[in-house]
Amino acid sequence: MEKMHVKMKVNGKDVDLLTEPRTLLIHALREELGITGPHVGCSSSHCGACTVDMNGMSVKSCTVFAAQANGAEITTIEGLGSPDGLHVLQEMFKEHHGLQCGYCTPGMITRAYRLLQENPNPTEEEVRFGIAGNLCRCTGYQNIVKAILEAAAKMNEMKESA
Amino acid sequence: MVPGAFNYHRPDSVDAVIGLLGEWGDDARVIAGGHSLIPVMKQRLSDISHLIDLGGVESLKGISVEGGTVTIGAMTTQHELISSDALASAAPIIREASLQIADPQVRYLGTIGGNVANGDPANDMPGLMQTLDATYHLAGPNGTRTVAAREFYEAAYFTAREDDEILTAVSFAATSGGYAYEKQKRKIGDYATAAAGVLLTMDGGSCSAASVALTNLSDTPVYCTDAVEILVGSSVDDATIANAVKAAVAASDPVADTRGPVDFKKYVAGVIVRKAIESAKARA
Numbered sequence: 230m231e232k233m234h235v236k237m238k239v240n241g242k243d244v245d246l247l248t249e250p251r252t253l254l255i256h257a258l259r260e261e262l263g264i265t266g267p268h269v270g271c272s273s274s275h276c277g278a279c280t281v282d283m284n285g286m287s288v289k290s291c292t293v294f295a296a297q298a299n300g301a302e303i304t305t306i307e308g309l310g311s312p313d314g315l316h317v318l319q320e321m322f323k324e325h326h327g328l329q330c331g332y333c334t335p336g337m338i339t340r341a342y343r344l345l346q347e348n349p350n351p352t353e354e355e356v357r358f359g360i361a362g363n364l365c366r367c368t369g370y371q372n373i374v375k376a377i378l379e380a381a382a383k384m385n386e387m388k389e390s391a
Numbered sequence: 132m133v134p135g136a137f138n139y140h141r142p143d144s145v146d147a148v149i150g151l152l153g154e155w156g157d158d159a160r161v162i163a164g165g166h167s168l169i170p171v172m173k174q175r176l177s178d179i180s181h182l183i184d185l186g187g188v189e190s191l192k193g194i195s196v197e198g199g200t201v202t203i204g205a206m207t208t209q210h211e212l213i214s215s216d217a218l219a220s221a222a223p224i225i226r227e228a229s230l231q232i233a234d235p236q237v238r239y240l241g242t243i244g245g246n247v248a249n250g251d252p253a254n255d256m257p258g259l260m261q262t263l264d265a266t267y268h269l270a271g272p273n274g275t276r277t278v279a280a281r282e283f284y285e286a287a288y289f290t291a292r293e294d295d296e297i298l299t300a301v302s303f304a305a306t307s308g309g310y311a312y313e314k315q316k317r318k319i320g321d322y323a324t325a326a327a328g329v330l331l332t333m334d335g336g337s338c339s340a341a342s343v344a345l346t347n348l349s350d351t352p353v354y355c356t357d358a359v360e361i362l363v364g365s366s367v368d369d370a371t372i373a374n375a376v377k378a379a380v381a382a383s384d385p386v387a388d389t390r391g392p393v394d395f396k397k398y399v400a401g402v403i404v405r406k407a408i409e410s411a412k413a414r415a
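Residue numbers (my numbering), protein chains in the order written: chain U, 230 to 391; chain F, 132 to 415.
What the hints contain is simulated information worked out from the structure, not anything from laboratory work.
Partial pick of chain F residues on the chain U-facing surface, computed with a CB cut under 10 Å:
1. A136
2. I162
3. H166
4. P170
5. A233
6. L240
When the alpha-carbon atoms are kept at most 27 Å apart in a straight line, the in silico DSS-like pairs for lysine-lysine are as follows:
7. F/K173 x U/K236
8. F/K397 x F/K316
9. F/K173 x F/K318
10. U/K242 x U/K232
11. U/K388 x U/K375
12. F/K318 x F/K406
13. U/K323 x U/K375
14. U/K323 x U/K388
15. U/K236 x F/K192
16. F/K316 x F/K406
17. U/K232 x F/K173
18. U/K238 x F/K192
19. F/K377 x F/K406
20. F/K173 x U/K238
21. F/K397 x F/K377
22. U/K375 x F/K318
We put the beta carbon where it would ideally sit given N, CA and C, even for glycine.
Put together the whole structure using the sequences plus the hints.
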């Protein structure tokens with residue numbers, strides 16, 4: 230089967246991949262672009278560890294072909310913050326102990342980012358419903374929910390003072 | 132898990148899709164949101180050499196409400212169904228059902244067309260379309276045709292759609308009166324153990340119109356004719372509801388699987404149908 234060009238904007242940078250149509254977006258990101266924040270968990274669209282932002286939507290990149298993402302804007306955890314400039318969500322996950330092993334965290338935070346873009350003032354119930362596609366087997370979710378609610382409050386404060 | 136190799140096509144019109152299907156025949160499949168098809172491809176349960184992505188066909192997207200008729204393009208996502216104010220007022224049962232499908236990530240990509248056309252009895256939209264008495268719009272090499280949703284499903288994954296056709300849209304009359312879509316599932320992201328969609332119109336204390344349909348309780352979605360006959364003309368009192376629930380459960384034909392044995396599923400079906408009728412009545 231012929232390889233095809235897939236052009237995407239990943240974390241603000243234009244990329245042009247020559248890849249097989251069957252390449253899944255998660256593998257294109259991790260193996261061809263070296264962007265290893267999004268993780269492979271279940272590889273069956275249940276766990277959400279591979280969640281990335283695609284054209285303003287949270288998607289499970291294990292269930293999207295890179296070919297389908299041709300022309301898309303992709304944001305991964307690497308595009309949200311950096312080690313010397315953490316995103317507010319990352320700060321709050323750290324402060325509220327919203328992770329233990331950390332495997333689900335990039336997907337969880339990338340999903341929470343889009344949730345707060347769509348609903349900047351979520352209730353606890355809305356946060357729980359909004360992250361229902363992301364599994365965490367360590368925390369029991371309490372601290373994740375706390376971190377997201379705190380991040381929402383902080384992001385709203387920053388908006389007001391801006 | 133990586134699927135077998137295939138050629139990828141992204142046509143920009145329905146005609147081009149039909150042309151590709153004609154050219155590649157059984158070797159081709161169309162892909163909408165992909166959340167049923169890609170897992171099957173990954174497990175290599177399906178041999179597809181030509182994948183035709185419908186994502187580039189703009190005419191398959193969008194929601195319109197005109198003259199009391201709601202038309203939804205096949206590639207409209209569940210997220211778009213949930214976000215549509217027009218739909219929330221023309222047929223609020225769509226939003227109620229869509230919010231119970233899968234999880235947020237899946238709803239951003241999962242489409243109404245894929246959900247109804249796949250023929251999976253576990254999907255929610257086929258049952259909902261029975262409740263709404265929807266019409267399916269198909270396009271193929273010989274032009275377009277329509278099929279009633281209640282005539283569309285033959286068996287699990289077998290539908291009235293021919294292999295060289297695609298489903299382009301669904302349409303139905305805007306609803307008034309009470310509505311409810313109730314679903315019992317083991318966890319978020321699971322298919323229904325039992326689900327039911329109900330529409331109920333009350334007129335001066337008497338039920339003037341009703342619709343009841345079931346999801347994942349047979350190898351096709353089930354429209355419950357007997358339950359509807361029991362409800363219409365009644366005051367929808369407790370005794371009538373009990374009879375309607377009994378009739379709906381009698382129309383179900385579930386199989387035992389990881390969600391439970393047949394008796395349990397029928398029990399849950401009864402609970403869910405009762406909840407749906409009571410909730411629809413409270414909103415009527």
